[in-house]
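For reference, each letter of the sequence shown is one residue, going -25 to -1, 1 to 123 in mature numbering (1 follows the signal peptide of the UniProt record, and there is no 0).
Quick caveat, the hints were computed from the structure, so don't treat them as lab data. Wrong hints could be hidden among the right ones.
Unchecked claim - The calculated label-pair distances, taken between Cβ atoms and stated as ranges, are: (1) PRO95 with GLN40: 37 to 43 angstroms; (2) ALA71 with GLY50: 25 to 31 angstroms; (3) GLN44 with GLY13: 24 to 30 angstroms; (4) CYS111 with GLY81: 16 to 22 angstroms; (5) GLY13 with THR63: 33 to 39 angstroms; (6) GLY96 with PRO17: 43 to 49 angstroms.
The beta carbon of each residue, even a glycine, is placed where N, CA and C say it ideally should be.
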Amino acid sequence: MRTKVCLALLVLAAGVLAGAFFLRAGPVDTAGATGPTGPTPPPPPVLDVPAAVELGRWPGAEPRQVRLQIGNTSGQPVHVVGVLETCTPDGCVKTATELPAVVPPGGHLELVLLCTRWEPGPYSCNFEIYTDIPGCLVTTVRLTGTVE
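Kindly produce the complete structure, drawing on both the sequences and the hints.
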C-alpha cells in the first residue's frame, strides 16, 4: 500500500513539474498574429474552379473546345504554373492557353481546353491545374460528356 502511495505522489509531482515547465515556457509566436509579434498575414488565395464540367454531346470527328473560367477570390495574385494534359481510353484533354499565367486578385483567367475522343461513347477525363497556392498546389476538374 505504501508503495502505491509513493508511486502516486511521484506521478503527481512529475505532472506538476511538467505543467510548471510549460507555463514558464512563455507565449508561442504564432508567426504574424496581431499584437506585439507583428501583423496577421493575409489568408492564402483561393481559386474559384468548378469541380466538374459537363461538356454535353459533340461529333467525334472534332475536338470539343471548352472555356474554363478560373477565378481568384483573394487579394493576392495566383500563378497557374501548368496543367496536366492527359490521355486515357476515354479521351484526351489539352490546353490551348499559354502557361504560366497569372490570375489577378479578384480577377479571372480563361483556360481554353480541347477535349477529344476517337470513338462514339461517354467521355470522362480529369484535368489538373497546378498553382503556387501553399497547401493547394493541384486543383482537379472532372470533364464529362458524350461523343456521337
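Right, here's what the structure says about each hint:
Checking the proposed 37 to 43 angstroms range against PRO95 and GLN40 shows it is violated: the Cβ atoms sit about 19 angstroms from each other. In this structure the hint that ALA71 and GLY50 lie 25 to 31 angstroms apart at CB holds, the actual value being about 29 angstroms. At about 36 angstroms, the CB distance of GLN44 to GLY13 disagrees with the hint of 24 to 30 angstroms. Here the CB-CB span from CYS111 to GLY81 is close to 18 angstroms, well matched to the stated 16 to 22 angstroms.
Checked against the hint of 33 to 39 angstroms, the pair GLY13 and THR63 fails, with Cβ atoms roughly 48 angstroms apart. At roughly 46 angstroms, the beta carbons of GLY96 and PRO17 sit within the given window of 43 to 49 angstroms.
When the structure is compared with the earlier hints, violations turn up for hints 1, 3, 5 and for no others.
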